[in-house]
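> Residue numbers (this note's numbering), protein chains in the order written: chain C, 430 to 815; chain L, 17 to 309.
Check each hint, because a few of them may be wrong.
[As the list claims (entries may be wrong)] With beta-carbon atoms standing in for the labels, derived distance ranges:
no.	chain 1	residue 1	chain 2	residue 2	range
1	C	Thr-772	L	Gln-201	43 to 53 Å
2	L	Lys-156	C	Asp-475	43 to 53 Å
3	L	Glu-134	C	Asp-497	43 to 53 Å
4	L	Thr-299	C	His-658	42 to 52 Å
5	L	Lys-156	C	Asp-538	32 to 42 Å
6	L	Phe-170	C	Lys-542	34 to 44 Å
7	C	Thr-772	L	Asp-151	19 to 29 Å
8	C	Thr-772	L	Ile-278	37 to 47 Å
9	C	Asp-622	L	Ile-278	28 to 38 Å
[What the hints assert, rightly or not] Below are the DSS-like pairs computed for lysine-lysine, each with C-alpha atoms no more than 30 Å apart in a straight line:
no.	chain 1	residue 1	chain 2	residue 2
10	C	Lys-747	L	Lys-119
11	L	Lys-309	C	Lys-753
12	C	Lys-557	C	Lys-574
13	C	Lys-747	L	Lys-230
14	C	Lys-523	L	Lys-275
15	C	Lys-541	L	Lys-133
16	C	Lys-750	L	Lys-83
17	C	Lys-753	L	Lys-18
18	L	Lys-142	C	Lys-747
19	L	Lys-287	C	Lys-464
20	C	Lys-523	L	Lys-309
21	L	Lys-202	L	Lys-230
22	L	Lys-309	L	Lys-249
23	L	Lys-119	C	Lys-541
24	L	Lys-275	C	Lys-468
25	L	Lys-18	C	Lys-747
26	L	Lys-53	C	Lys-747
27	C	Lys-542	L	Lys-230
28	L	Lys-230	C	Lys-523
29	L	Lys-83	L	Lys-202
30	L	Lys-275	C	Lys-464
31	L	Lys-119	C	Lys-750
None of these hints come from the bench; they were simulated from the model.
Note that the Cβ used here is the ideal one computed from N, Cα and C, for glycine as well.
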Amino acid sequence: MKITFPHIGDAHLIGRIFFADIGIDIITPHPNTVKVLEKGSEISPDEICIPFKLMISNLMEAYRLGADTVIMPATMGPCRLGEYGELLKSILDKRGYRFRWILLDSPTDIGKKELRRRLSCVISDSDKTMPQILRALYGTYKIVKNLELLDQRAHILAGYEIQKGACKQVLTACRRELAEVREIRTALRIIRDHMNGLEKARMDFNRQPLHLLVTGEIFSMIEPFANHHLEELLMDMGVSFEKRVTLGWWINRTVINPFQLKTLYTRSNHYLPYAIGGYAKETVEEGIQCSRKGYDGLIQVFPVGCMPEIVAKAVFSKMMKEQKLSVLTVIYDEMDGEAGYITRIEAFVDMLERRKRAGISKGGCSARAASAEAAVRGKANVLSGH
Amino acid sequence: MKIGIPGGLLYYRYEPFVRTFFNELEVDAEYSTRSNKEILDLGARNCVDEACLPMKLFHGHAAKLQKTCDYITVPRIMNCEFGESICPKFRGLPELVGSGTGKSNQIFTEPIYMNDKEKLKKALKKGCRQIGVSDSRLEKAFRSALENQSNTSFGLNEDGYRHRVFLAGHPYNIYDSFANLNLLQKLHHLDIGVITEEWVNRSELMGELTGFIKRPYWFFLIHNFAPAMVLMKRKDIDGIVYVSSFCCGTDSVTIELIKNSIGSFPFLVLKLDEQTGEAGYNTRLEAFREVLK
Numbered sequence: 430m431k432i433t434f435p436h437i438g439d440a441h442l443i444g445r446i447f448f449a450d451i452g453i454d455i456i457t458p459h460p461n462t463v464k465v466l467e468k469g470s471e472i473s474p475d476e477i478c479i480p481f482k483l484m485i486s487n488l489m490e491a492y493r494l495g496a497d498t499v500i501m502p503a504t505m506g507p508c509r510l511g512e513y514g515e516l517l518k519s520i521l522d523k524r525g526y527r528f529r530w531i532l533l534d535s536p537t538d539i540g541k542k543e544l545r546r547r548l549s550c551v552i553s554d555s556d557k558t559m560p561q562i563l564r565a566l567y568g569t570y571k572i573v574k575n576l577e578l579l580d581q582r583a584h585i586l587a588g589y590e591i592q593k594g595a596c597k598q599v600l601t602a603c604r605r606e607l608a609e610v611r612e613i614r615t616a617l618r619i620i621r622d623h624m625n626g627l628e629k630a631r632m633d634f635n636r637q638p639l640h641l642l643v644t645g646e647i648f649s650m651i652e653p654f655a656n657h658h659l660e661e662l663l664m665d666m667g668v669s670f671e672k673r674v675t676l677g678w679w680i681n682r683t684v685i686n687p688f689q690l691k692t693l694y695t696r697s698n699h700y701l702p703y704a705i706g707g708y709a710k711e712t713v714e715e716g717i718q719c720s721r722k723g724y725d726g727l728i729q730v731f732p733v734g735c736m737p738e739i740v741a742k743a744v745f746s747k748m749m750k751e752q753k754l755s756v757l758t759v760i761y762d763e764m765d766g767e768a769g770y771i772t773r774i775e776a777f778v779d780m781l782e783r784r785k786r787a788g789i790s791k792g793g794c795s796a797r798a799a800s801a802e803a804a805v806r807g808k809a810n811v812l813s814g815h
Numbered sequence: 017m018k019i020g021i022p023g024g025l026l027y028y029r030y031e032p033f034v035r036t037f038f039n040e041l042e043v044d045a046e047y048s049t050r051s052n053k054e055i056l057d058l059g060a061r062n063c064v065d066e067a068c069l070p071m072k073l074f075h076g077h078a079a080k081l082q083k084t085c086d087y088i089t090v091p092r093i094m095n096c097e098f099g100e101s102i103c104p105k106f107r108g109l110p111e112l113v114g115s116g117t118g119k120s121n122q123i124f125t126e127p128i129y130m131n132d133k134e135k136l137k138k139a140l141k142k143g144c145r146q147i148g149v150s151d152s153r154l155e156k157a158f159r160s161a162l163e164n165q166s167n168t169s170f171g172l173n174e175d176g177y178r179h180r181v182f183l184a185g186h187p188y189n190i191y192d193s194f195a196n197l198n199l200l201q202k203l204h205h206l207d208i209g210v211i212t213e214e215w216v217n218r219s220e221l222m223g224e225l226t227g228f229i230k231r232p233y234w235f236f237l238i239h240n241f242a243p244a245m246v247l248m249k250r251k252d253i254d255g256i257v258y259v260s261s262f263c264c265g266t267d268s269v270t271i272e273l274i275k276n277s278i279g280s281f282p283f284l285v286l287k288l289d290e291q292t293g294e295a296g297y298n299t300r301l302e303a304f305r306e307v308l309k
């Protein structure tokens with residue numbers, strides 16, 4: 430049995446280490462590129478969202494490389510992700526790609542027993558014992574978390590770096606080294622080393638860069654190709670930003686704490702009080718946080734036609750009128766011309782910078798600058814914000 | 017106090033319920049007219065740009081009623097009779113309308129779970145208290161509204177035409193003759209009669225859904241895919257016409273699934289958007305008639 434799954438951010442990078450540790454080889458398709466997207470669009474329905482087009486292309490590639498089993502996460506929400514498995518199977522079957530499908534649904538829909546059966550299918554080829562697998566799982570979770578801490582710290586420090594591109598270099602170097610690793614312990618060590626490297630980089634903490642929040646549809650947030658490498662662009666621009674919607678965030682929400690016990694009473698969200706599917710409610714919550722905690726602005730990202738995020742966009746337009754909140758909504762489609770996106774983001778950043786400078790010269794913006802600086806100086810802040 | 021009831025989206029399916037309910041409550045209710053150009057323009061101006069045509073029409077109905085009414089009913093339908101969900105936009109409808117029209121006088125915005133009668137009544141009760149209607153009157157209105165809804169038969173099953181097609185799609189696209197540019201009349205003109213999904217019973221529907229690797233959860237996926245299969249196998253129809261709105265999320269999946277399962281059976285997909293030019297539309301229908309021959 431050769432397992433594969435579609436690309437979503439670092440899932441393959443980290444998943445490969447986990448499966449290697451328990452003695453299973455997985456098939457990793459090529460990273461997403463414009464070519465990959467084109468191949469996917471050829472056989473997908475026109476109006477389906479972009480994640481689907483990328484995923485189907487990844488799976489075709491994996492089939493050619495010898496994969497025969499697909500693991501797909503699924504939901505029963507009204508968002509399209511839940512029907513991806515069905516549609517992928519329907520299209521791929523017609524074209525002769527005969528996969529075995531393991532859909533990881535939430536236990537409330539298929540029952541705990543069924544979920545356990547499907548999970549045991551995934552690891553049936555492993556020769557390790559259950560405690561060893563659980564230990565590997567925990568180690569993998571630590572990799573996810575630590576890599577995200579590194580990302581988060583680099584994103585914030587990007588606004589303060591003296592040598593341009595220092596933070597970005599650390600992230601790329603770290604990922605390059607992780608791609609070679611086959612053991613969890615080595616992976617953790619590499620991340621730690623790079624964390625130390627990042628701390629040693631020279632910074633100018635007297636600067637007052639913009640502090641943005643990036644949020645939106647989860648696939649576009651996690652997969653760099655789906656947001657046209659927005660993070661790298663922002664880092665190049667010398668903007669300090671945060672991104673909370675990540676792989677670890679998703680794991681926390683759906684696997685570790687599926688009922689949201691802690692956050693249930695701490696967050697009030699009168700702009701969008703009900704879960705409408707996808708993560709629209711969470712996106713709106715990010716917007717509320719953004720206006721409360723003194724970020725300079727918010728960038729919302731989603732693929733064209735995403736149903737839940739359209740609602741979130743409408744809510745943002747209301748929030749922009751009622752609260753001091755600046756939102757740029759960037760909707761990505763299949764066009765690979767990036768100039769338009771870059772111009773819009775640059776214009777947004779430029780506008781916010783002018784506003785911030787005007788505020789500082791009047792002496793009014795000290796609270797915002799202080800909060801941004803606190804986020805930079807205190808590492809504890811980064812940890813608690815996670 | 018006047019309450020406005022927009023005649024868009026699932027109003028086309030639950031009209032008997034809504035009418036009886038508000039009649040029995042004895043409140044001053046105003047119903048919007050059928051969709052027209054004015055409503056579409058109002059909707060397109062007030063709605064978030066990325067939304068689909070039915071959403072824009074609903075915004076138009078709501079915005080028009082807001083001029084004369086104190087409250088607008090905007091239901092938040094979470095799922096349908098058997099627990100199927102519709103589309104995230106239905107769940108966020110009050111927010112969409114609220115941010116689009118810039119007013120917050122929406123009522124009956126409690127989440128509606130139609131698979132649970134008690135929950136449904138509870139949700140309606142909260143709305144009634146907002147407008148000062150007593151619980152006992154609600155009880156009576158609710159009962160007769162439910163009765164009226166279940167006693168009304170829906171759907172079209174036309175005989176006497178040369179061809180017969182399955183008219184698939186969402187009820188607000190099928191029955192809104194402004195949105196679909198008089199589709200029914202045009203089909204009749206081409207000597208084509210239609211049958212709709214209401215003429216396939218539930219056990220037959222469920223029989224068609226067994227081949228999936230996962231239980232489908234969208235109302236409109238179940239109620240378009242399965243009837244298409246049933247009617248095709250029964251040889252009741254000569255073709256399928258799917259009337260869908262541009263950028264519809266659920267239809268992008270449904271249409272592909274139907275396409276992959278019917279082989280070379282005649283299948284026409286019509287996409288509706290804000291344009292009202294009919295020439296291209298007519299040509300496609302005429303071409304489809306040729307295919308049916």
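> Each hint needs a verdict: does it hold in this structure or not?
Hints, one by one, checked against the model:
1. C:Thr-772 <-> L:Gln-201: 43 to 53 Å: holds (48 Å)
2. L:Lys-156 <-> C:Asp-475: 43 to 53 Å: holds (49 Å)
3. L:Glu-134 <-> C:Asp-497: 43 to 53 Å: holds (48 Å)
4. L:Thr-299 <-> C:His-658: 42 to 52 Å: Given range 42 to 52 Å: holds, Cβ gap about 44 Å.
5. L:Lys-156 <-> C:Asp-538: 32 to 42 Å: Given a distance of about 37 Å, which is inside 32 to 42 Å, the answer is holds.
6. L:Phe-170 <-> C:Lys-542: 34 to 44 Å: Roughly 39 Å apart at Cβ, these two residues keep to the hinted range, so it holds.
7. C:Thr-772 <-> L:Asp-151: 19 to 29 Å: violated (58 Å)
8. C:Thr-772 <-> L:Ile-278: 37 to 47 Å: Taking Cβ atoms as reference, Thr-772 (chain C) and Ile-278 (chain L) lie about 45 Å apart, which means the hint holds.
9. C:Asp-622 <-> L:Ile-278: 28 to 38 Å: Given a distance of about 58 Å, which is not inside 28 to 38 Å, the answer is violated.
10. C:Lys-747 <-> L:Lys-119: holds (10 Å)
11. L:Lys-309 <-> C:Lys-753: violated (62 Å)
12. C:Lys-557 <-> C:Lys-574: holds (24 Å)
13. C:Lys-747 <-> L:Lys-230: violated (38 Å)
14. C:Lys-523 <-> L:Lys-275: holds (11 Å)
15. C:Lys-541 <-> L:Lys-133: Judged against 30 Å, a Cα distance of about 28 Å means the pair holds.
16. C:Lys-750 <-> L:Lys-83: Holds, at roughly 22 Å.
17. C:Lys-753 <-> L:Lys-18: Not OK: Lys-753 (chain C) and Lys-18 (chain L) at ~34 Å, beyond 30 Å, violated.
18. L:Lys-142 <-> C:Lys-747: holds (25 Å)
19. L:Lys-287 <-> C:Lys-464: holds (28 Å)
20. C:Lys-523 <-> L:Lys-309: Roughly 28 Å separates the two Cα atoms, so the pair holds.
21. L:Lys-202 <-> L:Lys-230: This hinted pair is violated, its Cα atoms lying about 38 Å apart.
22. L:Lys-309 <-> L:Lys-249: The given pair, whose Cα atoms are some 19 Å apart, holds under the 30 Å limit.
23. L:Lys-119 <-> C:Lys-541: Given that 30 Å is the threshold and the Cα spacing comes to 45 Å, the pair is violated.
24. L:Lys-275 <-> C:Lys-468: Holds, because 20 Å separates the two Cα atoms, which is no more than 30 Å.
25. L:Lys-18 <-> C:Lys-747: holds (25 Å)
26. L:Lys-53 <-> C:Lys-747: holds (26 Å)
27. C:Lys-542 <-> L:Lys-230: This hinted pair holds, its Cα atoms lying about 16 Å apart.
28. L:Lys-230 <-> C:Lys-523: holds (18 Å)
29. L:Lys-83 <-> L:Lys-202: violated (34 Å)
30. L:Lys-275 <-> C:Lys-464: holds (26 Å)
31. L:Lys-119 <-> C:Lys-750: holds (12 Å)
Hint compliance for this structure: hints 7, 9, 11, 13, 17, 21, 23 and 29 are not met, and every other hint is.
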